[in-house]
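Asks: Chains as they are written, first to last, in the numbering used here: chain A, 1 to 107; chain B, 108 to 354.
Please note: incorrect hints may appear among the correct ones.
Chain B is faced by these chain A residues, among others (derived, beta-carbon under 10 Å) [as the list claims (entries may be wrong)]:
1. 5
2. 19
3. 23
4. 24
5. 25
6. 26
7. 32
8. 33
9. 34
10. 55
11. 66
12. 96
Label pairs and their calculated CB-CB ranges [stated by the list, open to error]:
13. A:65 <-> B:263: 39 to 47 Å
14. B:180 <-> A:65: 36 to 44 Å
15. B:141 <-> A:45: 43 to 51 Å
16. A:97 <-> B:196: 26 to 34 Å
17. B:183 <-> A:44: 19 to 27 Å
18. A:12 <-> B:147: 13 to 21 Å
Hints listed in this document are in silico derivations from the structure and should not be mistaken for laboratory results. Computed from a predicted model, the values in this text were never measured in an experiment. C-beta atoms are modelled at their ideal positions from N, C-alpha and C, and glycine is treated no differently.
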Amino acid sequence: MAMKVMVSVPATARKGDAVEIKAMAMHPMENGLRRDNDGKVIPRFILRKFECRYNGELVVDCDWHTAISANPYLSFFVKAVDSGKIEFAWTDDNGAVERHTATIAVT
Amino acid sequence: MRRVLALLLLLALPALAADRPPRSGLDYATPGVRAMQADDFANPGMLWVQEGLALWDRPGGMGGTSCASCHGRIEGFAGIAYPRRDPRDPDKLMNLETRIEKCRLDNMGAPPYGYESRELVALTAAVRHQARGRPVAVVEDADAIAAGEKEFRQRRGALDLACAQCHEANAGKKLRDETISEGQTNGFPAYRLRWQGVGSLHRRFQVCNQAVAAEPYPLGSQEYIALEWYLAKRGAGLLVETPAVRQ
Numbered sequence: 001m002a003m004k005v006m007v008s009v010p011a012t013a014r015k016g017d018a019v020e021i022k023a024m025a026m027h028p029m030e031n032g033l034r035r036d037n038d039g040k041v042i043p044r045f046i047l048r049k050f051e052c053r054y055n056g057e058l059v060v061d062c063d064w065h066t067a068i069s070a071n072p073y074l075s076f077f078v079k080a081v082d083s084g085k086i087e088f089a090w091t092d093d094n095g096a097v098e099r100h101t102a103t104i105a106v107t
Numbered sequence: 108m109r110r111v112l113a114l115l116l117l118l119a120l121p122a123l124a125a126d127r128p129p130r131s132g133l134d135y136a137t138p139g140v141r142a143m144q145a146d147d148f149a150n151p152g153m154l155w156v157q158e159g160l161a162l163w164d165r166p167g168g169m170g171g172t173s174c175a176s177c178h179g180r181i182e183g184f185a186g187i188a189y190p191r192r193d194p195r196d197p198d199k200l201m202n203l204e205t206r207i208e209k210c211r212l213d214n215m216g217a218p219p220y221g222y223e224s225r226e227l228v229a230l231t232a233a234v235r236h237q238a239r240g241r242p243v244a245v246v247e248d249a250d251a252i253a254a255g256e257k258e259f260r261q262r263r264g265a266l267d268l269a270c271a272q273c274h275e276a277n278a279g280k281k282l283r284d285e286t287i288s289e290g291q292t293n294g295f296p297a298y299r300l301r302w303q304g305v306g307s308l309h310r311r312f313q314v315c316n317q318a319v320a321a322e323p324y325p326l327g328s329q330e331y332i333a334l335e336w337y338l339a340k341r342g343a344g345l346l347v348e349t350p351a352v353r354q
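If we strip away everything but chain A, and leave its shape as in the complex, we get (with noise of 0.2 Å):
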């Protein structure tokens, strides 16, 4: 299934900036605790990583667990070093990973 995803990075930034980034997944999260009406567990299927590159470097690395909501939602701030891609990708249980490319220029 492909992940519907949303970020928000600003198009341009001072050097030396904190510039907020906000990501976020529609995803439903399934814990694997629920059952469903015949009685049966359903499966456990949650995005279990979340990684944001900047120019390649990792700033920022989540392990994910059940206790996550739902189409979960990111805000963190970066400084802004240089012009350039920040990546994110988001991996499910299923070994599926959804990425993102959004670019920045710093000056």
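The hints should help you fit chain B onto chain A, whose structure is shown.
Replies: Below, chain B without anything else, positioned relative to chain A:
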């Protein structure tokens, strides 16, 4: 005499309530929910809108048609007003959801998505989102609106409560931990925290019916569409908020 006066006063109360300008459910929401809705990158409903925008262009019909092949850009739908009557069968009421399903079946030759499917919810959210910030558009139809108002004032369920008793007479008061809203519909399809997803107005109606221990009507039923019509009229002046965030 005093009893008669009190009775007259009671009878006058709903009329007074109707004179107040309508207030969106946003006004009754907690600050956290309001902040979520205000920021498009924190509002999870925008994920459904994004998906709906993609579906608009996705070929699915016979001959590879999509919504866009006939209707062009989705932005052109900012001014549409639903519910309305089926032009070919004026006794039948249609809302945006059932209209899209019919269009897929009749004009595109594509299978309908199913009323509460993720696709249909996303597509309706994307279409309604085009009108965000504009006043809710209502088609004037006295009969349909009267039928909807009848549903709104009909006591139902084991608790024997009508919509109006909570959402008109007691709006703004507390029901356990939650503030009762006026039951306005300008934010739908809306992201509901409890659903962890975006849902249609009729799904919300069903939840309300179940809460008073009444058998809900089916999604997309004529009764719910009439109610949807009346509620749109009742909330005249409110701005479309789709996708709203609600508790």
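Asks: Of all the hints numbered above, which does this structure not satisfy? Sort the numbers upward.
Replies: 2, 7, 8, 9, 10, 11, 12, 15, 16 and 17
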